[in-house]
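Protein chains in written order, with the numbering used here: chain A, 1 to 694; chain B, 1 to 471.
What the hints contain is simulated information worked out from the structure, not anything from laboratory work.
Fair warning: there could be bad hints in the mix.
As the list claims (entries may be wrong) - Simulated restraints on C-beta separations:
| hint | chain 1 | residue 1 | chain 2 | residue 2 | range |
| --- | --- | --- | --- | --- | --- |
| 1 | B | Arg241 | A | Arg624 | 32 to 42 Å |
| 2 | B | Arg125 | A | Val685 | 40 to 50 Å |
| 3 | B | Leu124 | A | Val685 | 17 to 27 Å |
| 4 | B | Ala219 | A | Lys246 | 50 to 60 Å |
| 5 | B | Arg125 | A | Leu625 | 51 to 61 Å |
Just so you know, these numbers come straight off a predicted model, no measurement behind them.
No residue lacks a Cβ here, since even glycine has one placed at the ideal position from N, Cα and C.
One-letter residues, chain by chain:
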Amino acid sequence: MQDFDVIVVGAGHAGCEAAHAAARLGLRTALITMELAAIARMSCNPSIGGPAKGHLTREIDALGGLQGLVTDRTYVNLRMLNTGKGASVQALRAQSDRNAYSAYMRGVLAGTQNLTLIEGEVAQINTGLVQGQRSEVGGLHVGAHSVRPAHSELEAGRTLCAPTASVTGVTLTDGRVYKAERVVISPGTFTRAVCFMGSRTHRAGRWGESSADALGADLEQRGLPLRRLKTGTSPRIARDSVDYTKCDPQLSEWREDAFCNYAPSMLPAWFLPNWHTRTSDSTREIIQRHSHESALHSGLISGVGPRYCPSIEDKIAKFPETRVHPVFIEPDGLDVDILYLQGLSTSLPLEVQYMFLHSIPGLERAKIKRPGYAVEYDAVDPLDLDSALQSKRIAGLYCAGQFNGTSGYEEAAAQGLVAGANASLSLLGREALPLGRDNSYIGVLVDDLTTRGADEPYRMLTARAEHRLLLRHDNAALRLGPIARDFGLLNAEQTQALEALRQRVHAVQAELENTRLTVAQQQALGLPVRNNETIRGIEAIRRGASAQEVLNAECAVLNESQKAEGKGRLDSGEGLMANGEKSEHGSGDSALSTQHSAPAFLTRSAQRYIEVETQYEGYLERARLQVEAMREREHLRLPAELDFYAVPGLLSATRERLSAILPATLGQAMRVQGVTPADIAALHVWIRRATAHK
Amino acid sequence: MQAYLEADTIVAPASALAPSAIAVLRLSGPQAWDLARQLLAAGTTLQAEARLAQLVSLDLDKLLDSGPGGAENRRLEKPAQQPQEDRAVLTLWAGPRSYTGEDMAELQLHGSPLLLRLAVQACLRLGARLAEAGEFTYRACLAGKLDLTQAEAVNELIHAGSQSALRLASAALAGLPSARLKDWNARLLGLLAGIEVIHDYAADDLDASLDQSTLLTSAGLHAQLELLAAEMREALRQSERSAPLRSGISVAICGPPNVGKSTLFNALLGHERSITAPQPGTTRDYITAGLEEQGLSLKLVDTAGYRDTADAIEAAGVRLAADWARSADLLLWVNAADAPPAELPAELAGGAAVKVITRCDLLPHWPVESAQLCVSGISGRGLDRLRERLIEHVASLGEAALDSFNQRQAGQIQAALSSLEAAIAGLARGVPMDAASLDIYRARELLQGIYEHSDRAAVVNSIFASFCVGK
């Protein structure tokens with residue numbers, strides 16, 4: 001008898017999404033955390049979003065996840081970034097109230113059906129033998145590979161065959177045992193974690209919070225390929241110890257945009273500014289003088305740190321010619337006396353942290369409430385996971401979050417959702433979520449991790465998404481909503497909002513097709529007028545007008561024309577035709593009335609979507625063609641029993657890598673490091689031949 | 001390269017299978033040294049270390065074994081008292097410091113085609129595989145010894161028919177064109193990195209970690225791309241000019257029937273290649289022949305007499321003649337001194353043309369002042385001037401830049417250029433960089449495909465398919 005269907009270990013950003021997704025799919029789910037009060041705690045700065053990361057959050061929301069909603073409800077500062085740039089790279093970034101975020105998430109989870117929150121420390125993952133066929137297949141597989149040269153370092157400790165163990169549940173340090181056929185582990189930075197500050201070290205997953213040592217040892221003993229990674233965080237200071245006159249404020253924007261796709265945004269009760277200052281020459285000198293005392297440089301830490309989020313001592317060592325580094329002073333929350341110093345991640349001794357802080361304009365009298373530190377932890381090699389984030393060694397064990405070698409709340413949450421949903425779907429006998437590089441940043445993330453691996457903490461970037469023109473903030477729900485709905489990840493309200501949004505898109509499109517703008521109206525909108533022609537609304541969009549502007553202009557005309565009883569509305573009969581057509585399309589009597597027939601936020605989403613689709617239309621068309629051109633190869637499945645050593649024309653290094661990673665599709669094989677296009681061509685030919693013979 | 005397996009050792013004759021002074025056999029792969037050793041007479045010691053040619057003795061019995069009826073032959077004909085040996089020169093290379101990057105052996109035999117064939121067969125019998133066409137060079141590519149343009153150059157070098165072609169091929173083998181491509185690609189990569197920095201890091205205008213003045217702007221990107229596109233256009237112009245120098249300059253001899261075109265053709269060649277006869281319409285098909293003049297390779301084309309005809313076969317020949325007249329690098333429009341002159345028809349005009357009058361020996365006086373070239377195919381008078389004229393024309397094409405590109409490369413560069421032009425046009429009309437970058441990524445991919453193994457296996461195969469086996 002199972003206690004639960006799915007157990008999620010760790011309630012950080014990944015664990016919360018995993019547990020919520022499993023529960024939403026109707027499975028009896030347990031979320032086990034060492035400290036209930038620490039659910040979804042933001043270990044670093046309390047900020048969500050930015051380019052690519054914000055895209056992830058938006059996609060998580062489109063798939064029925066929580067991060068977007070909780071951010072929307074707890075932010076104190078919100079900005080749309082990259083507004084002067086292309087639509088595909090524009091993204092929201094929010095500062096959340098750290099405590100409120102955690103509390104709100106806990107509230108949502110507590111109210112989630114099918115979900116049980118458990119406080120305790122998991123000491124081990126319990127497994128049993130895989131019965132019957134699978135182990136036999138594994139045996140055959142090994143046999144087929146026996147001709148392999150045995151010198152590859154890759155082979156050491158990497159699966160080359162089907163898993164021989166499968167998950168049966170977990171045991172806690174206090175002896176409690178919970179049974180379940182699916183376990184998702186998302187221990188973040190806690191497995192065998194050590195915190196460093198100067199020469200001081202202590203075992204902790206976050207400063208002052210105990211580490212998960214038993215679990216780390218257990219996972220290692222079960223053969224999961226673990227390695228050490230490292231990350232760090234900045235000092236936090238007292239709010240009243242900053243000289244704000246020396247800093248520039250960065251105010252929140254008053255935006256209607258939100259991470260939520262299916263619910264209107266709500267303005268927070270308070271906006272809090274960020275403050276901006278920069279390091280000085282003496283900051284640099286102090287850090288250079290003391291850099292040998294940093295845990296990073298003294299050799300205490302062996303783990304690999306994040307290239308995209310380096311410590312201040314790393315930045316100064318690597319870019320000695322850069323005289324100034326930015327420092328963002330970020331509010332921790334409304335009712336706490338703490339500010340976070342973004343950009344000053346450090347593991348220097350406390351005295352040195354004081355010294356360099358006091359060399360920064362505005363921070364001359366800063367009082368440290370919590371020092372910066374580095375943390376080193378166990379992470380699994382994500383190449384050991386399949387594209388559903390399931391371990392290749394232990395069936396039913398899924399891994400997610402920072403433990404998989406990523407950095408960032410958004411990356412963690414995205415994996416949590418994928419792992420939680422896929423663990424549940426496999427139990428329900430369904431296929432994994434169809435998330436790929438061509439439909440989501442989440443797909444890019446999972447594919448990168450499981451085909452290329454992560455030698456250093458992985459951060460999402462828009463540059464990583466080759467189809468990024470198609471993966472935008474504005475179309476997240478339209479891209480992923482139908483998948484989420486079909487797999488049961490959306491609740492009734494979300495499903496309804498998705499349907500309404502799709503209808504709004506059609507309606508707005510029809511309105512814009514049918515609207516005509518006179519030359520005067522075009523001029524009023526500041527559009528380039530060509531040939532003195534009346535143009536369709538959609539053409540005005542193409543020339544850079546916003547949908548709102550076009551439809552407002554049309555409304556004005558319509559009102560006048562209604563007054564004049566349809567006479568003299570437009571010079572040409574074309575306009576009258578358009579009016580007639582509009583009624584036929586059933587989009588209402590006037591643009592005015594249809595605009596208000598659905599929630600305004602959905603209309604605005606639809607308008608924004610159509611603006612981008614229209615203005616980028618040629619490029620989007622090509623981007624879609626690119627996806628299409630890749631489709632066959634991308635999704636061509638490699639037979640499970642495929643012996644890469646029997647495929648002629650492959651480089652031997654390729655054979656070794658592919659045998660170790662066992663990609664499921666040709667597309668995945670293509671991205672494995674060191675695999676050349678010539679290898680892929682050879683593999684392609686081979687598979688086609690093999691399947692033709694069957 | 002369907003058969004390619006890294007573990008294979010390949011063998012092939014590296015010289016022509018014809019009687020010559022020396023015949024060369026080539027081996028590459030893990031067993032190359034071992035196989036070569038097995039061909040040697042017992043007791044031969046090798047200086048295995050050196051990349052050094054060394055005199056060795058071949059065990060002829062081993063070779064004969066592999067001939068038709070081998071083992072029996074030997075038993076019947078040769079009492080086993082004295083082992084039969086032959087002298088050869090063996091050179092060993094240890095990978096990766098070899099042409100293919102693998103262990104290699106080259107055996108120089110006495111230049112008997114039979115001996116060479118037997119030696120190859122012996123290697124096959126001992127476990128080598130016969131190399132596919134171009135496989136040695138293919139392996140060199142895989143080992144990173146050569147890029148694709150250099151691999152092509154190897155073949156161009158072998159087939160170079162003129163000094164110009166030789167110069168171009170050796171420059172390509174030295175990597176001049178690919179250095180150009182790599183430079184363009186590095187610059188594109190720099191621009192793309194600039195774009196991505198803006199998208200992913202400079203998202204926040206207040207972020208001071210990036211010096212705003214060093215960030216790429218749309219206008220800056222536009223200017224940089226214009227610069228690159230201009231360079232690519234110039235390179236394409238250069239390459240177009242180099243095309244005739246590579247493949248030989250084609251010279252079509254055209255004109256009305258029975259004016260002595262074939263006689264002129266033969267006279268220029270110096271031998272009777274084309275049939276000549278007093279009847280009009282003797283030449284029906286076209287005939288080509290290579291000719292080298294002062295280090296330049298010319299391709300002479302003799303064509304059917306140009307006239308309207310009801311004869312279907314002759315009409316087909318006339319159509320071919322017209323095609324050649326239009327496509328040749330230089331057209332010789334020929335009239336005879338003893339026939340009414342025919343003007344160059346408008347439908348054939350357009351390219352470079354030289355008017356020639358044949359049979360000038362029939363005239364009472366050699367026309368010294370004529371604007372046209374006067375020649376006699378019979379006496380040979382005037383041919384030198386015609387040759388000079390051909391050389392002048394070639395010289396007017398100019399010397400090709402050493403980093404100019406061959407036809408395949410130019411085609412791909414043209415495609416990359418089109419992508420860049422699309423990006424430039426897009427940026428000019430205000431298309432944001434996230435969309436414009438689509439074209440830049442594409443251009444980079446196309447350029448890279450010229451020298452790196454691309455996913456278009458067909459390209460790779462077409463390059464190596466034109467190789468002779470031992471290369």
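Do the Cβ positions of Arg125 of chain B and Leu625 of chain A conform to the proposed distance bound of 51 to 61 Å? holds (53 Å)
Verdict for Ala219 of chain B, Lys246 of chain A (Cβ pair) under range 50 to 60 Å: violated (35 Å)
Does the Cβ distance between Arg241 of chain B and Arg624 of chain A fall inside 32 to 42 Å? holds (40 Å)
Tell me if the beta carbons of Arg125 of chain B and Val685 of chain A are separated by a distance inside 40 to 50 Å. violated (30 Å)
Indicate whether the distance between the beta carbons of Leu124 of chain B and Val685 of chain A respects the range 17 to 27 Å. holds (25 Å)
This entry does not satisfy hints 2 and 4, going by the numbered hints stated previously.
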